[in-house]
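Colleague: In case you want the letters, here they are:
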Amino acid sequence: MDPASPLFLTLDLTGVFAFALNGALTAIRVVRLDVVGVVTLGMITALGGGIVRDVFIDDLPPATFSDWRYLAVAATGSLVAFLFGARLDRWVNPILVLDAAGLSLFAVSGALKTLEFGGGAAQAVILGAVTAVGGGTMRDVLIGRIPVVLRSELYAIPALGGALTLVVAIELGMAEVPAAVGGAVLCFLVRMLGVHLGLEAPAPPGIDRRT
Amino acid sequence: MDPASPLFLTLDLTGVFAFALNGALTAIRVVRLDVVGVVTLGMITALGGGIVRDVFIDDLPPATFSDWRYLAVAATGSLVAFLFGARLDRWVNPILVLDAAGLSLFAVSGALKTLEFGGGAAQAVILGAVTAVGGGTMRDVLIGRIPVVLRSELYAIPALGGALTLVVAIELGMAEVPAAVGGAVLCFLVRMLGVHLGLEAPAPPGIDRRT
Amino acid sequence: MDPASPLFLTLDLTGVFAFALNGALTAIRVVRLDVVGVVTLGMITALGGGIVRDVFIDDLPPATFSDWRYLAVAATGSLVAFLFGARLDRWVNPILVLDAAGLSLFAVSGALKTLEFGGGAAQAVILGAVTAVGGGTMRDVLIGRIPVVLRSELYAIPALGGALTLVVAIELGMAEVPAAVGGAVLCFLVRMLGVHLGLEAPAPPGIDRRT
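Residue numbers (my numbering), protein chains in the order written: chain A, 1 to 211; chain B, 212 to 422; chain C, 423 to 633.
FYI, nobody ran anything at the bench for these hints, they're computed from the structure. Where is the CB? At the ideal position from N, CA and C, for every residue including glycine. Misleading hints may appear alongside valid ones.
Some chain B residues judged to face chain A by a derived CB distance under 8 Å, without partners named [unchecked claim]:
no.	residue
1	Phe267
2	Asp269
3	Ala333
4	Gly355
5	Glu364
6	Ala367
7	Leu371
8	Leu400
Beyond 10 Å from chain C on every Cβ pair, some chain B residues (computed) [as the list claims (entries may be wrong)]:
no.	residue
9	Gly248
10	Asn304
11	Ile368
Please work from the sequences and hints to get the whole structure.
Modeller: So, in structure tokens, the structure goes:
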């Protein structure tokens, strides 16, 4: 598989789009930033995880800066959120669903790319999870929240599970497309289960669950 | 052009000096740190953007750690700010002017170095802006403020504009020195315009413009 | 010396273990996270500094992701802290002692690895200190505290001193083991001196020493 294979690109760019919407909506709803801040936070959320992954697997410069589609998709997603954010503004659900979608897509795309660059199975699982949680962690740090990866019991776990599913399925000889879809769907469902069970403590920025 | 050409080094080291003063003054005025904290924040502000740029263009170890002038200039700027900060302490202007100067110089030095390392025009513009906003973003995250790149409408935009001016001017055949000076001056003026128009919301640390 | 020499590995993995305990205890005591958050913060604190070092010296992917012992030791330390944290919970000392131990071990292991990868003496001192303070800085940023490297007068200084001691001793022809032990012990004693003299302002999260 080529790192720019249709499967990898579809997963990765869809993840970028989901995280761009999520980051931009977070900027609107939680921090009330203006358009430049909204687009900037959307793009960092969308591209942060993939940049960290590419630094770690030594694919430099990161694909973000060498393939125009990443910047284009991230900017488009952020602008769409800015233009239509007023309507979505009062619902917390779109933000959580988009975050879960980005998490799931990046867990499998990150694992796929790591395998492609010669990483072992364990590395692929770990780096898939790092890719998945990276952008949301930057988003939360930049707006002064304790990152969701620390606050939620079901954030790192489903990302690891999704990446593991993909890697094991490929090791067992399954084709890449069903392996990737299976891993992403598993991650998404477990993550949304956590959200619906209220395991996601909605910590307010600044004070959170601190003593 | 060699990455250590006089033009590049002049721009880059002057930017390091401006950001070192800025970061150290911020440590004194906003966070009231002692001398080690002041110098540390000054050096991270001064060197952070260039380190990120060098990681992305795969110039490792970053120039910061392989060329002693970077550490020397950053440490000198931070110490100067510590020694004379008591007088500058009550004015907000020096901090904003120095930040605008560092932003402008790094936007063009970052774009120049990216071109030199074989990056395309779009890459040079993006990485110039990333270099420019990187150090100030680290500074703000470390002291618990929402980064100015998210809070101000005219921070990322002038950095992109300055880098774009340089790249377009060079593509049109202009010599590097006037192209770099033109890009930096444009960025500086637009940034200061934003400051004077009050587009820069002076968000207090910790609570900022959050809901 | 091979980067995976017994001396380097012993220092580096012991540092990982100390920082894993420290980060996990911090998560329990300061932020009151659940098990996933405790283990995540423990692992980031334990592995963050070494990852930054490996990115800077271009040893990619970072050893963390290519040598299973790093993840195993970091996870074990974090889980141990989670299981026995209830007893340690009310003492602030274990957290500070473990942090000082990790700082000291990483200062010398980071300097050793930089020398091994062909870095000069000054580079080894600087990157040793960056390795030492990196994980704790990430820990503090993630939980919304101003990093200890900015708050304490004796945090960056002993790390630089420990790395310098190692480098000078090796340059003078001393064997690596006593040079490393000497550097680590010096760093640890100076750091603990700072803690006991109260130079460590125990800044509460969120408001710290800000104006």
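Colleague: Find the hints from earlier in the document that the structure breaks and name them by number, from lowest to highest.
Modeller: 7, 8 and 9
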